[in-house]
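Protein chains in written order, with UniProt numbering: chain A, 1 to 418; chain B, 1 to 418; chain C, 1 to 418; chain D, 1 to 418.
Rather than coming from a laboratory, the hints here were simulated on the basis of the structure. The C-beta atom is built at its ideal place from N, Cα and C for all residues, glycine as well. Treat the hints with caution; some may be incorrect.
What the hints assert, rightly or not - What follows is a list of derived Cβ distance ranges for each label pair: (1) D/Lys224 / B/Ala348: 52 to 58 Å; (2) D/Pro175 / C/Gln150: 21 to 27 Å; (3) C/Asp5 / B/Asp34: 41 to 47 Å; (4) B/Asp278 / A/Ala128: 55 to 61 Å; (5) C/Asp62 / B/Gly57: 15 to 21 Å; (6) C/Asp5 / B/Ala50: 53 to 59 Å.
Claimed, not checked - To be clear about the criterion: a stretch of chain C counts as covered by chain B if any three or more of its residues have a C-beta under 8 Å from a C-beta of chain B, and this derived list gives those stretches: (7) 69-78; (8) 145-152; (9) 320-332; (10) 352-360; (11) 392-404.
Number of protein chains: 4
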Amino acid sequence: MSTTDRELRVGMVGYAFMGAAHSQAWRTVNRVFDLPARARMALICGRDTAKVADAAGRLGWDAHTTDWRELVASDDIDVVDVCTPGDSHAEIALAALAAGKHVLCEKPLANTISEARAMAAAAVTAQAAGVRSMCGFNYRRVPAVAMMRQLVADGRLGVIRHVRATYLQDWIVDPQFPLVWRLQRDRAGSGALGDIGAHIIDLTQYVTGRRITGVSAVTETFVKERPLPAGSSGLAATVDGAAVDGLTAADANGADGHRPATGMVTVDDAAVFVARLDGGVLATYEASRFATGRKNALRVEINGSLGTVAFDLERLNELEFYDATRPAAEQGFSRILVTEGEHPYMSAWWPPGHIIGYEHSFTHQARDFIEAVATGVDPAPSFVDGLQVQLVLDAVTRSAELGSSWTEVEPALTTVAA
Amino acid sequence: MSTTDRELRVGMVGYAFMGAAHSQAWRTVNRVFDLPARARMALICGRDTAKVADAAGRLGWDAHTTDWRELVASDDIDVVDVCTPGDSHAEIALAALAAGKHVLCEKPLANTISEARAMAAAAVTAQAAGVRSMCGFNYRRVPAVAMMRQLVADGRLGVIRHVRATYLQDWIVDPQFPLVWRLQRDRAGSGALGDIGAHIIDLTQYVTGRRITGVSAVTETFVKERPLPAGSSGLAATVDGAAVDGLTAADANGADGHRPATGMVTVDDAAVFVARLDGGVLATYEASRFATGRKNALRVEINGSLGTVAFDLERLNELEFYDATRPAAEQGFSRILVTEGEHPYMSAWWPPGHIIGYEHSFTHQARDFIEAVATGVDPAPSFVDGLQVQLVLDAVTRSAELGSSWTEVEPALTTVAA
Amino acid sequence: MSTTDRELRVGMVGYAFMGAAHSQAWRTVNRVFDLPARARMALICGRDTAKVADAAGRLGWDAHTTDWRELVASDDIDVVDVCTPGDSHAEIALAALAAGKHVLCEKPLANTISEARAMAAAAVTAQAAGVRSMCGFNYRRVPAVAMMRQLVADGRLGVIRHVRATYLQDWIVDPQFPLVWRLQRDRAGSGALGDIGAHIIDLTQYVTGRRITGVSAVTETFVKERPLPAGSSGLAATVDGAAVDGLTAADANGADGHRPATGMVTVDDAAVFVARLDGGVLATYEASRFATGRKNALRVEINGSLGTVAFDLERLNELEFYDATRPAAEQGFSRILVTEGEHPYMSAWWPPGHIIGYEHSFTHQARDFIEAVATGVDPAPSFVDGLQVQLVLDAVTRSAELGSSWTEVEPALTTVAA
Amino acid sequence: MSTTDRELRVGMVGYAFMGAAHSQAWRTVNRVFDLPARARMALICGRDTAKVADAAGRLGWDAHTTDWRELVASDDIDVVDVCTPGDSHAEIALAALAAGKHVLCEKPLANTISEARAMAAAAVTAQAAGVRSMCGFNYRRVPAVAMMRQLVADGRLGVIRHVRATYLQDWIVDPQFPLVWRLQRDRAGSGALGDIGAHIIDLTQYVTGRRITGVSAVTETFVKERPLPAGSSGLAATVDGAAVDGLTAADANGADGHRPATGMVTVDDAAVFVARLDGGVLATYEASRFATGRKNALRVEINGSLGTVAFDLERLNELEFYDATRPAAEQGFSRILVTEGEHPYMSAWWPPGHIIGYEHSFTHQARDFIEAVATGVDPAPSFVDGLQVQLVLDAVTRSAELGSSWTEVEPALTTVAA
């Protein structure tokens, strides 16, 4: 494999769930794929000195800092990897692009349309100078998802009629689960909608090659008040009586330890919407954190006049494909184990039937990002693609606020150009 | 089993798909279940003399007629079983109730709200005279569905949060499939919505014990013009150049045989909607005849704070139940094979693991109908329940016509009382 | 459908589990299939007058008797349907053939090789006089099984390499389950081996078109002593202190009610064996009544050089087919819903996706039996086929007794000819 | 996580499929788990200088050598990781133990009983000096497998009755697939039996805590002659006309390129056997490389008097558990997604529902090995456990050679002691 001497020095901002996943990707990618450049895990940034030092040691970064501006400005950094909550994406990414750094930014691209628009515009401008940017919709890099897109692109599904997409989790079903940052609008932008709904919006637009043109939506916050958290990591958290900055304790009794202090949930717990994609496609979408028993159930089904594909992230090594052009008596949903050398990304891994996991989507994302940067090509999804998702999220929110009225989604390209 | 001498003499109107299914039920029910009365397959009615005579012989009815009014008026008939297309339900059922006959009427109850309202009112009136009526939502009698309802009723799901229901078929994906009566508004009332959407509306309201209170919908007719049919049976049909009564041939070339005559599809091919049920439940519904590869995919999932149930009609002997009160490490979706003697209806059939089929839901429906009639109890679903479904169908249609705007669904009980 | 006047008057011996299943078949077959003759449910026979009278009324037989010799001798009977335990098969079937009656005999054909040999010889003799006979391996008539056979016959699997067959149940896992007749060698012949093992032996030989040529086996009786039964029906039973005829109470305390009387289990609880089929096929078989959670899990997988089929009786409407001649990236196990008009038997039933159940295999068996008799053709499986299964069962038993030593299976045809 | 300064310097022999998998484990383990020592990827050894140098760079090893004796003797190595084909395991492992190195040796432990016996004896001796050894049955470290063992150990399955184990692959179904080292007895020891059969032998003994005491077996080589390989990696290979060292070209025409030279397959393609485990357990085992469509289908089911567990390596994040102590109507196979923090190894990875892959079993193996070495505990499976598997493999081979006669398996502990 690679014997290249070219190095891409990565500076990553954030070290929680996404930081760990990205670290595993940067650490692994050149050990598995033969690429024209090598990622170097150069610098990690976080707000807490002790914690970021620990993360650097544990995750294997060369150095650490608490100042993301220093990271962005450093001459020793080629790539800025933004893994923070959505409220800081725009500021960091815009600064990085301005500094001429290639940027990989986690999804959703931003918390507001105006931020996302600014980022997309900056990314388009930076392209001209050879600066690359990518929005981290990692599920595009699941081999089965890439295969779905190829099947659609090859016309194997015929005319697309239906998209059916859900992303279901259940980690906040318990009303005593605390008010972590993902449940606060100022940090997370939205709830299930932006966190996991964004994934199915991007994924279905990517696979079908079609854009969502309008939506009619309902959103809901089932549990409106929750205990304030003592601490959290990943999607887990603990509760105690301590107030969290910026939150008003709803219950004064919290202070004496008899009852934990609480705060208001300011994001959606679930969002459902019907939609149309261009080309006459009818679609349903659902994102929820209240689907008891569904842990990470991103499920997509696409029906066309000639065939159907169905995918479930909890079984990400499998793709179901129904080919309606086969003899009638033999038609059926084929469970394809997407682990063959012929499948996207898989020739680099293990023999057939030896499955890969969630984290591999990040390794594949890193692979494609490195290759694009090293060969001077713009990677996808672009910030404009990220903005497109943001425009759908915004339309969903507005439709829900306006009695589910039909809400058009404008094309991102138009808006960026304008 | 039954040694009763009491007979319920059934007169059935219609002999196509539903007529065959109901015949199998009346023929079988007393052979399997011990009941206080015996069904007698007394009289079958259809418009074509030769065909109804043939059906009587084949399906095993004692006599036949071409005049449903004669059947309804006959002193030798106790039960009128209405298996015709929706446009004749109201006239037949109202006459039967007026004649003091117990009525089993196929779903959807009627093609219009006003008809359904009249039927529900007549049924309520007839109750006072001991005349029973039932709307044929047969899937309530699938053992796994009955079990779902029981689990919800027992509080095993806790607070219901989500309903997710699809009924997907694919029998008209081919644009050359002909314009059968189910694709004509004047006969069928609506398309996928009323034919199969009605089932998931009733089933989810039944299982949750909750009413749909509002909807936001989109409907679509993907293929707007189709060849006129030569003949059809069940869901199959053939095409030729002959015009069908009451249809305008869209293509004059049809007459000379070079191209089949065509007509306009006047119903929906697919309907999708988001909904709320009372008690704060968020729901999505989809009915489609364009879901390639999905043959009879009625799938329902209901998430509650303590558990989830999931059901798929193509595997109707199975129920998936997730019990979130079990130890965390052991929680999972249990695939319950609903074939034990402990399960609804099943002690009458075969040993555990010996599965039943689609038609058994009709046998169970006949069982419950006979028992209710014989013991002087009103069976469910009542015509009021049928009207409730009709009110949802109507709200869906209106919402779709009005740009998916949120449309409230009035309670049937109110409307019947009024 | 059928307007034939020709009647086949059926006399059935036995009215328990198999009697009920056969009754449902005779009752239904002409209502669904268009056949050259009509089955008439003429006479049912059982040892207990009251019980057989009740069964006749409940199951819908014209008349009843307690004397099977009268039934066999009657001029008003064309077909004798033998549904008794295995120890009486030979006597009844031989008498029926001698009387010129067509015979449908439940499996296993007999309890001993010598009986089975005599029956096969008598059937061959009777053929010459136009008397038909069939052994009731009903699972051959499951549409998915018939389709498997066709795929193999069409060469779609290439060279067959492996057969993997299990038939797993769990109804006697509880050591307190009583000693019903199926657990007594003198009545049942053998245990899991003959009851359910016989099915997978026949089914795999049928589907592959190959004969088992040798076996190496182990059998086991996990629970060697059980309470005597109070009564049983189907596969269920209750326990009390009363002794069952012909059984020695193992515990004298049983009489005073303190402990139920017990008896020795004289058949196998489970049998496992490796085998070879002609043509170089390697196979494993397992039949058990101790596979907790497996209710009726007849599962068969057949691997060939070009493809694989897999079947599970608990999902009998589905067939999994892997076609290794498709493009590498698209190969997968296709879950074929065997409910299309193109599938064996299915055009007579419901629309696609509307599933059938266990009992339909008997209706299909009746259909094929009637057609064969009416058109003067020998139906399959013949008594010689039944003997072939018996020879395998015998080889398994002998191998198990002789330290699992390799035991050849002689061809039935040879033995019958000789 | 770990801030330990203690380093375990690993020297790995071999760099093909297993070498890559082990490298990924050593590279990742301390980044994910908090351990008392850090693995250092110090030295890699292979026979070809260029190839091992390339592997060192690609896989991330500090240094490389072509002399395993140098590696074993080095003062800078603490752990010797043996990833070569089975024919060199004994020599390397014995030398390493003699040199006081901790040894992790891939399975099967050796190619012969005598080698395995010597290794087990040496390991027992070395233990006294604090030198640790482990045989690489990595599937023990799949979380669902570890959970199965725990369920059995906790008595949740009651009395174990049945084990049903298959390991099915299909990579040599094509007769033109070349004669790679895995198909040669002198290199591989045996075929499917030792390569994949060894895994299910170890796994089922591990999970049940019971030893296989006797077997009756059949083995088969379906394709007896194959083209000689041009090259191979992982389980893939290409064919050309070049002879491979030590193989006699069966076809002299191979030399001129018209037909590839061929050689005889000297191992089994498939092995099937019935077995008993102590405690009265009845079992079936099958290992095959001819199961078309099955890529890596290690499937195990264990039935006990109180429950059943079922596992499929192609869906390694899932465990099916049937708990027969639950209410009858609710019993079913629970599909447990083994991705919760409560599950073995999983708290170190991603949130619930975010699945892991094949390679993670090696990371977990490295985790347990490091912990055992660092804390001075003997890891499992020991070389004695590896010998136990070897004794079963040997019994299978002997039984197959002797007409499937029942063949006892001696306990490894006895043989090592003696």
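Quick rundown of the hints versus the structure:
Between D/Lys224 and B/Ala348 the beta carbons are some 57 Å apart, a value that agrees with the proposed interval 52 to 58 Å. At about 26 Å, the beta-carbon gap between D/Pro175 and C/Gln150 stays in the expected band of 21 to 27 Å. A C-beta distance of roughly 34 Å is found between C/Asp5 and B/Asp34, which places it outside the suggested range of 41 to 47 Å. Between B/Asp278 and A/Ala128 the beta carbon distance is about 57 Å. The supplied range of 55 to 61 Å therefore holds.
In this structure the supplied range 15 to 21 Å holds for C/Asp62 paired with B/Gly57, their Cβ-Cβ distance being about 19 Å. About 19 Å separates the C-beta atoms of C/Asp5 and B/Ala50, a value inconsistent with the hinted range of 53 to 59 Å. Residues of the segment 69-78 of chain C with a Cβ under 8 Å from some Cβ of chain B number 0, which does not satisfy the need for three, so the listed coverage is violated. Note: the segment 145-152 of chain C has 0 residues with beta-carbon separation from chain B under 8 Å; the three-residue rule is not met and the coverage is violated.
Only residues whose C-beta sits within less than 8 Å of a C-beta in chain B count toward coverage, and the segment 320-332 of chain C has 0 of them, not enough to reach three; the restraint is violated. Given as covered by chain B, the segment 352-360 of chain C passes the check, having 9 residues with a CB less than 8 Å from a CB of that chain where 3 are the minimum. Residue count for the segment 392-404 of chain C with a Cβ under 8 Å from a Cβ of chain B: 0. That is fewer than the three needed, and the coverage hint is violated.
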